[in-house]
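One letter stands for each residue in the lines below.
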Amino acid sequence: MRSRKLRYWEDIAIGTKREGGGKIVTAAEIIAFASKYDPQYFHTDPKAAEKSIYGGLIASGWHTAAMMMRMLVDGFNNDTASLGSPGFDTLRWYMPVRPGDILSVRSVCVDKAPSQSRPGTGSCRFQTEVLNQKGEVVMSLITIGMYRRRPQGEETPT
Amino acid sequence: MSATKETLYLEDIVPGRIFTAGPYVLEREELIAFARDYDPQPFHLDEAAAAKTPYGGLIASGWQSVGILMRLIVEAFVGRTISMGSPGVDEVRWLKPVRPGDRLSARVTCVEQIPSRSKPDRGICKFVYELVNQDGEVAVRMKGMGMFGRRPGSAT
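Protein sequence lines correspond, in order, to chains A and B.
Per the numbering used here, residue 1 is the first one in the first sequence, and the count goes up by one each step.
Per the numbering used here, residue 1001 is the first one in the second sequence, and the count goes up by one each step.
If we strip away everything but chain A, and leave its shape as in the complex, we get (with noise of 0.2 Å):
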């Protein structure tokens, strides 16, 4: 990381894109999971699961939000000067993810605004999805990242 320009506030300009995928959800995944946070049977309980109004297995939508939130850091937040988040908004879970789907995601900024309460600081709101491997949109969420300003004098990276 120190060998890389970190990425300031003033880099993440409205548009800017952010990828990630390859995610394989594994049943042994969705059940380890599910009974730390979830512990909702068609969450951890594959033959119960068949009975339920999903009919087999699926994750725990917070299960989704937190491989979306790995894809994303692997992908863009270890660049960034990342100062967390204040939280989310908007949330829908439109489809389930079952055991044997890849995930990917994908993040666009919809908008940016310098902190009033913290100076040297700003944050950014992105519309953010996360993909099945046909290509349909499980879930969608509005991310928002707080993010240093860049330090007077330091170089734009190139």
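Think of the hints as simulated: they come from the structure by calculation, not from any bench.
Since this is a predicted model, take the numbers as computed values, not measurements.
Errors might be hidden in some of the hints.
[What the hints assert, rightly or not] With the Cβ distance kept under 7 Å, some of the chain A side facing chain B (calculated, not the full set):
no., residue
1, Gln40
2, Ile53
3, Ala65
4, Met69
5, Gly87
6, Phe88
7, Leu91
For glycine and all other residues, C-beta sits at the position ideal for the given N, C-alpha and C.
Assemble the complex: chain A is given as a structure, and chain B must be docked to it using the hints.
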């Protein structure tokens, strides 16, 4: 747990009703393990690196905080309902960092109940879900909804 308590139907989840669960103690190992799998940023992974950030030390991934909140929501009441999942969440705010050793509880307040017009066996409830730490501070506030089965024979 669910076998020993009565099933909750949509009709039982009325505006103003509050469900609680907890505490859940988040240990350092679990905090780091989650970050390694799902959110490998320095302030979630590495004590020394985290000390240099505005957070001043290791903090949990916000996605882990909502995961813990979800677990407590299931324990508080969803595990006793005919849960049909959730269409989504309108807003989440991570108001306070969650740190290793925090004792976290959930407080869920029903704010609206909407029986489905098209499917007489179910309905949606809207909630404010809060994850509260050992000092009584709200660490996560979430506004969202869940879909629940109605009491058999109650549909009109």
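Evaluated hints:
1. Gln40: With Cβ-Cβ at 6 Å, under 7 Å, it holds.
2. Ile53: holds, 6 Å
3. Ala65: Holds, because the Cβ-Cβ distance from alanine 65(A) to chain B comes to roughly 6 Å (cut-off 7 Å).
4. Met69: holds, 5 Å
5. Gly87: holds, 4 Å
6. Phe88: Holds. Min distance 5 Å.
7. Leu91: holds, 4 Å
Violated hints are absent here; each numbered hint is respected by the structure.
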